[in-house]
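A.B. asks: Each chain, letter by letter, is given below.
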Amino acid sequence: MLTVRMSDTKVWKTCMGAIVNLLEEAHFRFTQEGVSMRAMDPSHVALVDFRLPSSAFEEYRVSKPLGLGLSLTELNRVLSRAKSDDALVMEHDEEKNRLLVTFRGTSSRKFSLPLLDLRESELPEPRLQFTALVEVMAEVLQDGLRDSETVGENVRFRVTEEGFFMHAEGDGKSAELRLEKGSAAMPKLKLERSCSSMFNVKYLSDMLKAADPKDVVTVHLGEDLPVKLDLRIAGGRGSLSFILAPRIELE
Amino acid sequence: MLTVRMSDTKVWKTCMGAIVNLLEEAHFRFTQEGVSMRAMDPSHVALVDFRLPSSAFEEYRVSKPLGLGLSLTELNRVLSRAKSDDALVMEHDEEKNRLLVTFRGTSSRKFSLPLLDLRESELPEPRLQFTALVEVMAEVLQDGLRDSETVGENVRFRVTEEGFFMHAEGDGKSAELRLEKGSAAMPKLKLERSCSSMFNVKYLSDMLKAADPKDVVTVHLGEDLPVKLDLRIAGGRGSLSFILAPRIELE
Amino acid sequence: MLTVRMSDTKVWKTCMGAIVNLLEEAHFRFTQEGVSMRAMDPSHVALVDFRLPSSAFEEYRVSKPLGLGLSLTELNRVLSRAKSDDALVMEHDEEKNRLLVTFRGTSSRKFSLPLLDLRESELPEPRLQFTALVEVMAEVLQDGLRDSETVGENVRFRVTEEGFFMHAEGDGKSAELRLEKGSAAMPKLKLERSCSSMFNVKYLSDMLKAADPKDVVTVHLGEDLPVKLDLRIAGGRGSLSFILAPRIELE
Chain Y
931 MLTVRMSDTK VWKTCMGAIV NLLEEAHFRF TQEGVSMRAM DPSHVALVDF RLPSSAFEEY
991 RVSKPLGLGL SLTELNRVLS RAKSDDALVM EHDEEKNRLL VTFRGTSSRK FSLPLLDLRE
1051 SELPEPRLQF TALVEVMAEV LQDGLRDSET VGENVRFRVT EEGFFMHAEG DGKSAELRLE
1111 KGSAAMPKLK LERSCSSMFN VKYLSDMLKA ADPKDVVTVH LGEDLPVKLD LRIAGGRGSL
1171 SFILAPRIEL E
Chain Z
931 MLTVRMSDTK VWKTCMGAIV NLLEEAHFRF TQEGVSMRAM DPSHVALVDF RLPSSAFEEY
991 RVSKPLGLGL SLTELNRVLS RAKSDDALVM EHDEEKNRLL VTFRGTSSRK FSLPLLDLRE
1051 SELPEPRLQF TALVEVMAEV LQDGLRDSET VGENVRFRVT EEGFFMHAEG DGKSAELRLE
1111 KGSAAMPKLK LERSCSSMFN VKYLSDMLKA ADPKDVVTVH LGEDLPVKLD LRIAGGRGSL
1171 SFILAPRIEL E
Chain L
931 MLTVRMSDTK VWKTCMGAIV NLLEEAHFRF TQEGVSMRAM DPSHVALVDF RLPSSAFEEY
991 RVSKPLGLGL SLTELNRVLS RAKSDDALVM EHDEEKNRLL VTFRGTSSRK FSLPLLDLRE
1051 SELPEPRLQF TALVEVMAEV LQDGLRDSET VGENVRFRVT EEGFFMHAEG DGKSAELRLE
1111 KGSAAMPKLK LERSCSSMFN VKYLSDMLKA ADPKDVVTVH LGEDLPVKLD LRIAGGRGSL
1171 SFILAPRIEL E
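Chains as they are written, first to last, in our numbering: chain Y, 931 to 1181; chain Z, 931 to 1181; chain L, 931 to 1181.
Since the hints were made in silico from the structure, they are not lab data. Take these hints with a grain of salt, some might be off.
Pairs involving identical chains hold if they fit within one copy or between any two copies, as the list cannot separate such chains.
[Said to hold, decoys possible] List time: in silico BS3-like cross-link candidates among lysine-lysine, alpha-carbon distance up to 30 Å:
| hint | residue 1 | residue 2 |
| --- | --- | --- |
| 1 | K940 | K1139 |
| 2 | K1040 | K1118 |
| 3 | K1013 | K940 |
| 4 | K940 | K1144 |
| 5 | K1132 | K1158 |
| 6 | K1013 | K1132 |
| 7 | K943 | K1158 |
| 8 | K1040 | K1120 |
| 9 | K1139 | K1111 |
| 10 | K943 | K1103 |
| 11 | K1144 | K1158 |
| 12 | K1040 | K943 |
Note that this is a predicted model, so its numbers are computed, not measured.
Only chain Y is shown next, with the shape it has when bound in the complex (with noise of 0.2 Å):
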């Protein structure tokens, strides 16, 4: 038995939207702790990590833990049906496998979606040894990368003693964001040593989708490593990962 209810929609349905563009299904794990997700991407390589605590919901009822798979394109579309104001309940049809979305505002609209049988796929969590870490206001990063996207399909992130950069080029032109220590839209800048590693813009871009352009994200870099964006959703007490796999230049 699972029924589960949020006063707003939102947090559910912005993290759905930016997951989507990663993964077209998911199986998610409803716990009494709360609901989670790790998948890999199709192409192996961006790794999507969702957490959202039972505490996110006004009402959590899970009987025992479950595993739903789910068509994210199919939710998105009926998410993309909520009004601002309208709470969001999802039920677990166990008769006819089916999880049931509904929508509580003026009138009561209810989609029952059908359930996918897919594998839970057993990843740990990767350690990797990052040197730097920053947290920068959303809005930046997805200024750099839309500036990016003008001249490239690859960006180069930079991080020393002097602030955090973008750099992309291609075609004889070039793009770059510089972002001095002690700006307002930087609140943490913390590095081991100097380092830089280059990304898909389109992969950053997308990951970005779920995070409110005045929200601050944590940035952890190395030395051509992955890099791991953590998101904070339903005002901190969940948590939507992205880890990146980097594009190593060819010389």
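The hints should help you fit chains Z and L onto chain Y, whose structure is shown.
C.D. replies: Coordinates of chains Z and L only, in the frame set by chain Y:
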């Protein structure tokens, strides 16, 4: 001779904008009482009944009853050019056999449209034995139809003692809207007996395009009967009604 | 050496955004006095004349007259990334033969663009014997052009003692705009004699994209002569003028 003027173009523009989705051309009848139009759509599934009394116009001069055949596609292209505070003037140019549409605002902008030689259709008012009537806020119907579109092409309307319901399903998915009796979004619910009928979603959506989301729409329903939707226009002085044939479920 | 800075990127962005519709690339001349550009469009139907004095910049440093060939398409792609409160800095990177465009806001974002080897076109100012001049609010012209687009591809401008008129027709339809002498939307009307000329609507629309709807545009007209449109930019310090050849009606 025909000269009519409205200080608010919005009434005329909104009605034409909804009708054009069902009819490409139409024969309007201007008499001393006002302007009216009744026609079936080309597939004979829907009937449109439009009435706007002379009192809805600031100036209304018709020397004798006059029928004007118009391309609604062309008329809407012209009306799309109206600015929000423009007054609307429509005149018949007998010599050139055209309709003159003028928007009076900062400048005066006059469009001329060729008249079409359309025969007036003699459609009697259909007699239907509806067994239920609900007054519902347009927004609720519009939401329910957009929900239905995400799962299939048909939607079932149902009225019972408990309230008003919309239900659609397809491909293992379903969408249901419940509006309980007593809801502020349903000022009236009257029924002889419970009834339900199924309709094409697209037609209903097109019909409701003329309704302001906060307006109340009157829905007349019967068991496997057509539905009749009454929209109030021009502050209740005019009316725009649609009748749509049901889809019969094959089993 | 070239370094120029504007606290408001909008002036530069709007001008480039209008010019790019007529020219894909252009040769800008930076001197002590300011920056200027004059060119014909590829089909030799329209002439663009752009002038922005050094006083329109907060900082303006040019060591010697300098010509820069730029892809306006590329430049606009970069300018589209400016945020509303960013300051704009443009510099010449002589070594790499590039233009550096920097947006200074929360972060500092620098783009580099390759310079093109364009020959400066030596275009004399055309001498035209206009017989009428009107100052019209840009919005009126923009409305009249959009009206005209709904009926055909040409529009006739006409100035008489009575006012300013735009007329388009095609396929049995017509659109006419009348702006009577004395209208608040036409602060000036001066004429030696009545005149009218016909122009391509698309070209005029492109030219007026640089004008704020509430700005006044000066229109110079003659009988079957080109039209000249003068737009005030940077609060009247700079100017953007367009000359467009007439369409001659074949009878």
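A.B. asks: If a hint holds in the structure, say so; if it does not, say that too.
C.D. replies: Going through the hints against the structure:
With identical chains, the CA atoms of K940 and K1139 are at most 30 Å apart both within one copy (13 Å) and between copies (27 Å). When the C-alpha separation of K1040 and K1118 is checked against a cutoff of 30 Å, the pair qualifies only between copies, where the shortest distance is 23 Å, while the shortest distance within a copy is 44 Å. Taking the shortest alpha-carbon separations for K1013 and K940, both the intra-copy value of 9 Å and the inter-copy value of 27 Å come in at or below 30 Å. Proximity of K940 to K1144 under the C-alpha cut-off of 30 Å is found in both arrangements, the shortest distances being 16 Å within a copy and 24 Å between copies.
With identical chains, the CA atoms of K1132 and K1158 are at most 30 Å apart within one copy only, with a shortest distance of 15 Å there and 45 Å across copies. Taking CA atoms no more than 30 Å apart as the test, K1013 paired with K1132 passes in both settings, with 29 Å inside one copy and 21 Å between copies. Taking the shortest Cα distances, K943 and K1158 sit within 30 Å of each other inside one copy (22 Å), while across copies they are farther apart (36 Å). Taking the shortest alpha-carbon separations for K1040 and K1120, only the inter-copy value of 25 Å comes in at or below 30 Å, while the best intra-copy value is 47 Å.
Proximity of K1139 and K1111 under a CA criterion of 30 Å is satisfied intra-copy only: 25 Å inside one chain copy versus 40 Å between copies. In this assembly of identical chains, the alpha carbons of K943 and K1103 lie at most 30 Å apart only when taken from different copies (19 Å versus 37 Å within one copy). Taking the shortest Cα distances, K1144 and K1158 sit within 30 Å of each other inside one copy (19 Å), while across copies they are farther apart (46 Å). Within a single copy, K1040 and K943 get their C-alpha atoms as close as 16 Å, which meets the 30 Å cut-off; across copies the closest is 35 Å, which misses it.
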